[in-house]
Amino acid sequence: MPIIPVNYYIFLAVALFAIGIVGVLTRRNAIIIFMCIELMLNAVNILLVAFSKMHHVAAYALDKTTTVGTEAQLFVFFIMVVAAAEVTVGLAIIVMLYRNIHSVDINFLNRLKH
Amino acid sequence: MHITEILFWMLTALALFSALMVVSSDNPVHSVLWLILVFIAITGHYILMNAQFLAIVNMIVYAGAIMVLFLFVIMFMNLNKESEPQKSVWLRLAAVVSGGSLLLILVAALKDNTGYINSMKGEGSIGLIKNLGKTLFTEYVVPFEISSILFLSAMVGAVVLGKKENSSPAA
Amino acid sequence: MNAIIVSALWGVLMMYAGFVSKGKQNNILAVVGIVALLVANWLEYLGLSFFKIDTGGMLVYNTFGLLFNEVILFATLIYFLLSGNELGKSNSTPSDLYALIFFILSGIAILAGFRSLLMLFIGIEIVSIPLYVLAGSAKTNLKANEAALKYFLMGSFSTGLMLMGIAFLYGDAGTFFLDGVNAGLGVITPMKGIGLVLLLASMSFKVSAAPFHFWTPDVYDGSPTVFTSFMATIVKSAGFFAFLKLFESAFGSIQESWQTLMAVIAVLTLVIGNITAVFQQSVKRMLSYSSIAQAGFMLLGVFALNVFAKQGMILYFAAYSLATIAIFAVLAKLKDDSIVSFHGFARQQPVVAFALLISFLSLAGIPLTAGFFAKYFMLLAVLKDASMLWLLVVAILCAAVSVYYYFRVIQAMYFKESANGQEHELPDFSTSFKVIMVINAVLILALGIHPDWLTNLL
Amino acid sequence: MFAAFDNFPALLIWLPLAGGLLSFFIKSDKGAKANAMIFSLLSLGVMLGALAYTESKHFMLNQVSYVWLPGIGSSFGLILDGLTRILALLTVIIFPIVFLLVPSGRYHHANRFYGLMLLTQCGLLGVFMATDALVFYLFWELALIPVYFLSSTWGGEKRIRATFKFFIYTFLGSLFLLLGILYMYLKTGTGSFGLVAFYNVQLSELEQFVLFGLFFIAFAIKMPIFPFHTWQPEAYEEAPTPVTMVLSGIMVKMGLFGVLRWLLPMFPLAVKAFNTPIIIVIVAGMVYASFIAIYQDSIKRLIAYSSIAHIGLMAAGAFTLKDSAIHGMTLQMFSHGINIVALWIVADLVERQTGVTRISQLGGIAKKAPTLTIFLVIAAFANIALPLTNAFVGELMIFNGLFQFKPWIAALAGLSIILSAVYTLNMVKNVFYGETVAATAGFSDINKVQVLALGILTALIFVVGVYPDPFFKLIHETVGLIVNKYVTI
Amino acid sequence: MSKFVFLIPLLPLIGFLINGLGRNFLSKTLSGMIGSGVLVASFVLSILVFREVSAAGFSTQIINLFDFIKVAGLNIPFAFQIDQLSALFLLIITGIGSLIHIYSTAYMHEESSPHFARYFAYLNLFVFSMLLLVMGANFIVMFIGWEGVGLCSYLLIGYWFGNNNYNNAAKKAFVMNRIGDLGFLLAIFWMLSQFGSITYADVFAKASTAPVTVLTGIAILLFIGAMGKSAQIPLFTWLPDAMAGPTPVSALIHAATMVTAGIYMIARSNAIYSLAPVAQHLVAIVGLATALLAATIAIKQNDIKKVLAYSTVSQLGLMFLALGVGAYTSGVFHVMTHAFFKALLFLGAGSVIHAMHHEQDILKMGGLRSKLPITHITFLIGCIAIAGLPPFAGFFSKDEILAAAHDMNPIYYVLGVITSLMTAFYMFRLYFLTFSGSFRGTEEQALHVHESPFSMTFPLLILAILSIAGGWIGIPAVFAENAHWLSNFLQPVVPERHVHHHIPHNMELMLMGVVVALVLVMIVIAAKKFAKSDLGEPNEPTGFGKILANKWYVDELYDFIVVKPVNFLASFFSRVVDNSIIDGLVNGIGRGVQFSARQMRLLQSGQIGSYVLIMTVSIILFFIFQLLWKA
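Protein chains in written order, with our numbering: chain A, 12 to 125; chain B, 159 to 329; chain C, 166 to 623; chain D, 44 to 532; chain E, 43 to 673.
Pulled out of the complex, with its shape left as it was, chain A reads as follows (with noise of 0.2 Å):
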């Protein structure tokens, strides 16, 4: 039976994570700004259901009934809806911004500093 270390999990959300914050602080297009986010998220996701499945193998050993290892996957689920609805509001924001500067580049937004 195959084994994978949870290391491994971890490593690719973290440099998924970390590409993700790259991109957040190279990019200047809003837009894609924004996909970096998600890529975030995502990563974190995987690390969730990285650990349920690690806590659930864990418990199972003991109990074969266990549940253990569900509220991971419903908080990834949760953290799905609640991108859906960032992403609702976040493009209205973008799509409105654009609207009125017809560009979605955050260098231009220095209006407000000091």
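A hint or two may mislead.
Stretches of chain C that chain D covers, calculated by requiring three or more beta carbons in the stretch to come under 8 Å of a beta carbon on chain D [what the hints assert, rightly or not]: (1) 559-566; (2) 571-583.
With the C-beta cut set under 7 Å, the calculated list includes, among others, these residues of chain B facing chain C [to be verified]: (3) Ala267; (4) Leu268; (5) Val300; (6) Pro301; (7) Ile304; (8) Leu308; (9) Ala312; (10) Val318.
If you want the footprint, here are the derived chain A segments under chain E, 3+ residues with CB under 8 Å [said to hold, decoys possible]: (11) 24-38; (12) 111-124.
No wet-lab data here; the hints were simulated from the structure. These figures come from a predicted structure and were not determined experimentally. Built from N, CA and C at the ideal position, the CB exists for glycine as well.
On the provided structure of chain A, position chains B, C, D and E as indicated by the hints.
Chains B, C, D and E alone, transformed into the frame defined by chain A:
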């Protein structure tokens, strides 16, 4: 090397590569497509970990609905061809360095972490829709209901922002 | 529990009310709603809750939470009474905005009782997402747009951080319940450490603590003043409550390990907030920095996490919110928010000027105002266990600096005359407005003379 | 909250407070002044009554305590013991005189002016009478805030800046004080702010040093003593004269009072460790201030610096821990209040008529206004502690204590006696003697009211100067308690 | 009787109050009468006291009025002590005081009535303080009087406050006295800490118990006080300037009474000095030096009052010499005689000035002998007395001092003699320039020169008689054993150290003879030099004479080493240290905050990218802190 491991490595490689492409590709449309690829890879991982429900939801909600939304907006703003201006080299360098060091630190902190996962038809299939649904509507009914408030507010928000200008306050 | 449901329902009600009701009626409806909320929450405080819902222990309401909620709701009442009209003036449908505010209140009610990280997450999102909208509700105003986008992007970024943190905590503890996270005899595994730091960062972001405060001045400055007022007071207080609750229940057992970090954050926040506020010429922006500065003081409470801290927090919420709401309410009515526009204020509007004076004194922490006892408790809390005298000395020096910029406005109101003689016409404040302002001022004084009235409820 | 009416300390708080609040609702200037006079005289009456009662040993009537903040552990406690009596007496004497001399129409919104003044009086009396640290602190600030508004509203051209400096400076000091109080509060164990509880706190040496520092900074800034004094000349110069009188006559005593009431009894070890350097600095500061006073060309600044020197002497006396010195400085607090107020009155009368405060632009007033000159000369010589004036008694005893402490310090401090003669006589000579100049050509002598006010002060100068015994009887008991604490260790 | 003693100082005080408060209502005559009346009254009382004291079997009386300070281990009663010494001084003060008051009623008559009253108020106040000084039963009361007289001298010197030179003189007098007073004060504190009391009785009783160093210290500090009051080196320069005051004031305060307070003080505390030889020598040397210095200066002065002033300083120097050599009685004796003839001389001078319409330059006088007969004769008597020709008063007292000095150290004697010879010279220079020769004043002065009214000449006559006979109470043993009534009288207070019996009588007589002869020579020289009808042009003094004329440039020296540095320090402290350094620091903090505020704003760049970057970096730092350090 077992088939699942091979799958794991393939999916991981795919996810990371396309994630990098998301960040690096100039054309927004391309990034969107790459992002969809990332989601697909992640879905694969879900299946590997025997979380079918999430796999499906991820596929439908994310890769499907959300990314379409993104694509739509981008098209709507027809940003598709113009490649956005880059930030200064130094800023990007700083970004990469900090992101890298973050990764480094986390890995360094977590490398000697125990615990393992056996994949595919793992024990007690908690990832099945049936089980999840049961818990969702028993223990987790409250958050589920509450998240409706979230949607309501998102909806109202979208209305508030999207509605055309009207001088008179009352609707 | 009462608060969540009532406010959610009322939000829906407001949403539909938009179809029938006109501007003024919305205000009345909203006020009625708040009063209803106050009553409902108070009843629950007295032990009478309308609904018996099994939340599987994800939401547990104790006196602290309910009292906090009561204070917040009361602040919101004052806020509606003072700024309701401004809200009506904004070019969106007021009823929708009211609806959003009510949804936010229900989110705050969740934060008042969360015992699970899931609830924390959802609560914070319910609070945040409508706020993004409110910030951008002035659709044609470029500043507002910019504020909204900045707020949204950075806010969801911090959400990402928070989720990552939660994930690691789950990986460590195998549960989302705070008690579960707190268990483990104070040993810190790497995962727990990472989770802690990430949560610290994201919560600091929500309460605009340095170095995660950068969004605050821009967003507060850009958003319509009405909503700045709401964000800076009620939402910030909620954030702080969640912060306190989370770190007390989830990381209480490993307090020593993060106190130093917290102290650093507090000091940074105090210094940056106070110092930067000194130079601001726009009162609105000055207040947004001052809100950072005040956050620095509240962080001392989170830092200490003892009985004094809790009393102080409640008092601080009340003192800070009441004062700031009053000031913003006046600011919202002024043409421009530069400090010059306050010249000669006292002569033309003695009553309002007096109310403002009390508010500023309270913010500056002058004795016999609520603000004094708020700071008093914070100092006491820090002094009690961890005798980090240097931290307090910094706090004191910053308090002295804060006097500088608060009193600049007082000087403008009382001792300076509008330049080149001619009057810049001030808006004519309605009698009801004046009355509320005075009541507000009296409340601040009352809390300053007899804080026990509030702290004894704890 | 009003207990029995024979309850003097309470009345001393409530009367000015009520009067002050009432004053804001009086429209006419005359009414406001009358109101202020009435309430200040009432409190004077109460004070005298209190003294009478104390003589007949109804001591309880001079000590009250109301439940205030049980949750926090603070109770609204007031006492009229020796230390308080003499300072409260000073306060209630000064205020009516100050009010008496304010010419109608001098200040716009007179009702606010008098209201704030009365609030200040309330604050001062509270500071002197509080037996509860928190109450003490609150009154400490309450005395400061009205003064801030008084000076910023009715002061000179640079008033806002000067007053603001003064305010932030003292406010910062008082924050340190607050910190110290809170620490003590936590150390009491019983969670009480009571004076007695504070006295009984057991502190390690290090704690004493730190706390001493916290309290001392606040008091030093308030007094002020070198080198924390730079706010004072500006503040005195810019504030409206009635306020300046209160500031220099009474408010600076808050710092000295604090030293006697809180600092010395609470931190004996620290005091013993630090008093020598402190005294040396203070005394050096006295001489320094006297030198500066010689250079001043503005009457107000001259008086300000001379006040710094005199306050310094009192502070030094307190830190010698010598019985005679502490008795002396306690009496001297009273005397100095009387003298400096008299000097300010004269300075103000001169400024009012000539509109000038520059010594170099004045002269020959004696020819025009002999009566004023007589009072001035008396006040001036009282200021340089001529025998049979009040200041002589106090300074004699302080110097005696200094000499017992370290003879050479007494000798150094003695320089200030000589210098004080120099600058005071310079002032007298250049302003009042000599030939009249343009500014003083049309000078007219003072009227009945002013004669009355100055007459009262002069009478006090001589009463205390010739027969100080009753005043010593007043303070002896309390001062004895302070000193004995050091006899034991 | 003693129950009325308190009236002696009280009456002048009452006079002061009446004249002071009623100055606008009282007529000149009335205030004059009050002023003089109270003094005459207390003079009468003093006589009664004196009779009681001089009666056999009298013991010192302490009269406690009330407790001045009785707290904190201090016990300072406000008490008077009546004994031989104070009784003697009472007589001198009230007696001469009365005469001068009477004199003043005429002399000051040109003043308007309020100022006239003010003048008498001041005089009365002075007498009151002076009486406190001598009657006090402890050093505090003495100090009270001590500063009181200082105040009055300040007020009286600056009596004509319209003139700023006078005011400066007044200020100078007060400040210099203050310097001395500081010494006095320190001495008081020292005595307090040493003996626990400053009552004469206790202090002198315990004096022998204290270590000599302490006593020396106390003695020297006391002497510093005396320097100030009695115008000794280095604090003597105020006295000549003090001549700015009205002449009767100069007579009373700056010749007869106040300036002798120092001698009184030291004589009073002889118990301490006798135990502190070092201090005694200091006193002697300073006294002698002052005597010489002042005498030399007096030779070259042309202002009639200045000459008398310097002669006063010089005479005071001699008195201190006496005290220094332990001949306290002689000191007190000379105080008395000096009071007589110096008052006489000053009043005479006043009469001259009065006649000359406030002309004080003796080079512009001359030939007044015929015009002012009474003034002239009395003035001559005064000159003889001070020159020390027998049997005038000055002879006895001065001779006694010289003899005592000779006992202690012949050099003292020689210098003393030189001083008295110079005295004789300049006094007669003064006399001849003023009264003999021909009138050198202006024409219209010549017309108006007239003898002064009786109320002015009457005191002159009285004092003249005293200047002649005053010395006979101290006939030295040379002429008649135990004829020295004064020393016997003062025996209880000032134990006489039998100075006279060390040198044989014939030798003493011989010395006396020599001195008298030399004095006569001096007078003759003066007559030769100045009695001519025309002096020719008053040529500028040159060389040494110039130095003398300029008073050894002492004032300039003080100005250079004291006044200028003080002013420099004042301005330096004020402008540099206070404004720039200390206040600069305080304001600098404020400015620092402002500056850092301006810098910190730049952090708020408005760029999301940089915001997020900073956030990320700080998170990384937190990680490092939290994980790697803790691990």
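Q: Double-check B/Ala267 for me: the hint is only fine if its C-beta lies closer than 7 Å to a C-beta in chain C.
A: holds, 4 Å
**Q.** Supplied contact hint for B/Ala312, tested at 7 Å Cβ to chain C
**A.** Result: holds, 6 Å to nearest chain C Cβ.
Q.
Just to be careful: measuring from the Cβ of B/Leu308 to every Cβ in chain C, is the smallest value less than 7 Å?
A. Since the shortest Cβ distance to chain C is 5 Å, the answer is holds.
Q: With a C-beta cutoff of 8 Å, work out whether three or more residues of the segment 111-124 of chain A approach chain E closely enough for the coverage to hold.
A: holds (count 7)
Q) Are B/Val300 and chain C close enough, Cβ to Cβ, to be under 7 Å, as the hint says? A) holds, 5 Å
Q) Mind checking, does the segment 571-583 of chain C have 3 or more residues with a CB under 8 Å from chain D? A) holds (count 5)
(Q) For the restraint on B/Val318, tell me whether the closest CB of chain C is nearer than 7 Å. (A) OK, holds: B/Val318 within 7 Å of chain C, min 5 Å.
**Q.** B/Pro301 as an interface hint toward chain C, with CB separation required under 7 Å
**A.** holds, 6 Å
(Q) Checking hints one by one. Is B/Leu268 an interface residue toward chain C, by the C-beta closer than 7 Å rule? (A) holds, 6 Å
Q: Report holds or violated for chain D covering the segment 559-566 of chain C, Cβ cut-off 8 Å, minimum 3 residues.
A: Holds: 4 residues of the segment 559-566 of chain C have a Cβ under 8 Å from chain D.
Q) Do three or more residues from the segment 24-38 of chain A put their C-beta atoms closer than 8 Å to C-beta atoms of chain E? A) n = 3 at 8 Å, threshold three: holds.
Q) Was the hint right that B/Ile304 lines chain C, CB cutoff 7 Å? A) holds, 6 Å
Going through the hint list in order, the structure satisfies each hint without exception.
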